[in-house]
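Taken in sequence, the protein lines are chains A and B. For what it's worth, our numbering labels the leading residue of the first sequence as 1, then goes sequentially. For what it's worth, our numbering labels the leading residue of the second sequence as 1, then goes sequentially.
In case anyone wonders, no lab produced these hints; they're calculated from the structure. Please read all numbers here as calculations on a predicted model, not as lab measurements. Please note: incorrect hints may appear among the correct ones.
[Said to hold, decoys possible] Distance condition first, Cα-Cα at most 30 angstroms in a straight line; then the derived DSBU-like pairs of lysine-lysine:
#	chain 1	residue 1	chain 2	residue 2
1	B	Lys100	A	Lys280
2	A	Lys279	B	Lys100
3	A	Lys83	A	Lys351
4	B	Lys107	A	Lys359
What follows is the residue order along each chain.
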Amino acid sequence: MFATANTGTSTTTSYKVVLPFYAYAAVAFLVATIFLALSANNITKHYFQPHTLAITHIMALGWGTMIILGASHQLVPVLIENKLYSNTLAYVSFIFAAVGIPLLVYGFYVFNMGWPAQWGGILILSAIITYLINLAISMAKSKHENVHAVFVFTAALWLLITAAIGLILVCNFTLLFLNKSSLNYLPLHAHIGIVGWFLLLIMGIGSRLIPMFLISKYNNTKTLWWIYALINGGLLAFIFIFLYADNKMLLIVPLLAIAAAIMLFGNFCYKCYRQRIRKKVDEQMKMSLLSIVMMALPVIFLVAIICLIILSPGENISLEIAYGFIIFFGWITAIILGMTFKTLPFIIWNKVYHQLAGKGKMPNPKDLFSDAVFKWMGIAYVSGFVLFTTGILSGYTLMLQIAAVLLLITSLLYNWNVIKLLMHKPLVS
Amino acid sequence: MNIITNNNIKCTAAQSVLHDVIDPEIGLNIVDLGLIYQLDFDETDKKIFCTMTLTTQFCPMGESISTAVKETLKSSFSGYDPIIELIFQPPWNHAMISEKGKEFLNKR
Numbered sequence: 001m002f003a004t005a006n007t008g009t010s011t012t013t014s015y016k017v018v019l020p021f022y023a024y025a026a027v028a029f030l031v032a033t034i035f036l037a038l039s040a041n042n043i044t045k046h047y048f049q050p051h052t053l054a055i056t057h058i059m060a061l062g063w064g065t066m067i068i069l070g071a072s073h074q075l076v077p078v079l080i081e082n083k084l085y086s087n088t089l090a091y092v093s094f095i096f097a098a099v100g101i102p103l104l105v106y107g108f109y110v111f112n113m114g115w116p117a118q119w120g121g122i123l124i125l126s127a128i129i130t131y132l133i134n135l136a137i138s139m140a141k142s143k144h145e146n147v148h149a150v151f152v153f154t155a156a157l158w159l160l161i162t163a164a165i166g167l168i169l170v171c172n173f174t175l176l177f178l179n180k181s182s183l184n185y186l187p188l189h190a191h192i193g194i195v196g197w198f199l200l201l202i203m204g205i206g207s208r209l210i211p212m213f214l215i216s217k218y219n220n221t222k223t224l225w226w227i228y229a230l231i232n233g234g235l236l237a238f239i240f241i242f243l244y245a246d247n248k249m250l251l252i253v254p255l256l257a258i259a260a261a262i263m264l265f266g267n268f269c270y271k272c273y274r275q276r277i278r279k280k281v282d283e284q285m286k287m288s289l290l291s292i293v294m295m296a297l298p299v300i301f302l303v304a305i306i307c308l309i310i311l312s313p314g315e316n317i318s319l320e321i322a323y324g325f326i327i328f329f330g331w332i333t334a335i336i337l338g339m340t341f342k343t344l345p346f347i348i349w350n351k352v353y354h355q356l357a358g359k360g361k362m363p364n365p366k367d368l369f370s371d372a373v374f375k376w377m378g379i380a381y382v383s384g385f386v387l388f389t390t391g392i393l394s395g396y397t398l399m400l401q402i403a404a405v406l407l408l409i410t411s412l413l414y415n416w417n418v419i420k421l422l423m424h425k426p427l428v429s
Numbered sequence: 001m002n003i004i005t006n007n008n009i010k011c012t013a014a015q016s017v018l019h020d021v022i023d024p025e026i027g028l029n030i031v032d033l034g035l036i037y038q039l040d041f042d043e044t045d046k047k048i049f050c051t052m053t054l055t056t057q058f059c060p061m062g063e064s065i066s067t068a069v070k071e072t073l074k075s076s077f078s079g080y081d082p083i084i085e086l087i088f089q090p091p092w093n094h095a096m097i098s099e100k101g102k103e104f105l106n107k108r
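Isolated chain A, as found in the complex (with noise of 0.2 angstroms):
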């Protein structure tokens, strides 16, 4: 009646390999809400310029980036079924990271696209290149190869794709060995940053994660499948269309493939949601389950932007700046505060409480960090949100002060409850 094939687990990747990346993301997204609140005042003013830029990478690879590289140091051996092929090359990726980002964020804050940036955008790609290397090579070794496995490793390579781009952009200030300016390309960079690494993967693994948490019956790997197609070939319609065609009216393309997967990612959370067996959904989930829903703003603004394009030719620059907003500071932001506190407690339980398994009576994960303060973190991240993005499209500067405190406050109560968490000491009756 039953094999028993492949039972080790002791394949858990090391907590001191993740650890170190949710901590230097929960401070650089304490970082970036500073510099938020510091350049409240000029941040309508238009997207290129440093402090936005600054922010914007801040958010993107300290704050978005090394949250999920951490998280899927720990997730791929889930998803794979196999254990993670090397600990020291995450280390290795780690290092790259947590140095080039600091180089290349200095290098748009004082807007010199000299050596610290040119360095910083070097040691990001080799970060990317040794993450890739990793995870090709434990999944190789696995058995099983999954949907939701194929989505985390296209995603990226999608990074790889959009850093490469990324560093040459930056060269391309001092070498100018491109026909246009930077600038022109910066869609091209953002959008296979934001579609091919961020959307991507978010599905990936939020497919195998909701209905993990809530327990649920359904599945539906046709579904996945097809988001995955969609999302991959708009993506290259994209890349296509915006370096080939003239009309630049094609975009509507795929915007539509975009689109449709994510009305189909939202579709399968919600059957996720309804067919769950564990009928309390927590506040993490709750998050998380919002930001689902976040996902659908950018599309509505990209909507709304091209429908301005051809009513009358030329930017519209505060609802360009809303649309980068809502999706760093939107369904991103939204999913990792609450991803953060289902995956974060598991680790911090395994490291603190794995030797004292079945000693006593010894808390749950969820009591490892203040539930009241995720509770506050959520309201505040919520109105600052809103109140941002209002903000940011009426012009009122008060109400961009306000917000900037609010999701300042945000990050406070975040690193409050992973300081907690890191610091847990075990706790046995």
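Given chain A, work out where chain B should sit, using these hints.
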């Protein structure tokens, strides 16, 4: 799900103590969750063979859960040496949750 055993009395006692081993994420004990497949008792060599699974292979909590099962059986069956075997065929699924477990999850 019925647990296969060669000793019904001791299996009932073992199940009772294993109700204290809780899946940390779900909050439900591993017996009602349906993670225990087989419990055999070797009276000659004083060994307990526990065949169990996890809700997902390579679950980060897997090692802690299997250690907790081993320690719980060791402390409840003095003189016995528990041997835990983790298997993933047949894979765990929702149908393996007991009615009591489903009731518990409905409330939480």
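Hints, one by one, checked against the model:
1. For the hint linking Lys100 (chain B) to Lys280 (chain A), the alpha-carbon distance of about 16 angstroms falls within 30 angstroms, and the restraint holds.
2. This hinted pair checks out: Lys279 (chain A) and Lys100 (chain B) have alpha carbons roughly 14 angstroms apart, not beyond 30 angstroms.
3. Restraint check for Lys83 (chain A) and Lys351 (chain A): satisfied, since their Cα atoms lie roughly 18 angstroms apart, inside the 30 angstroms limit.
4. Of the pairs offered as hints, the one joining Lys107 (chain B) and Lys359 (chain A) holds, with about 28 angstroms between alpha carbons and a cut-off of 30 angstroms not exceeded.
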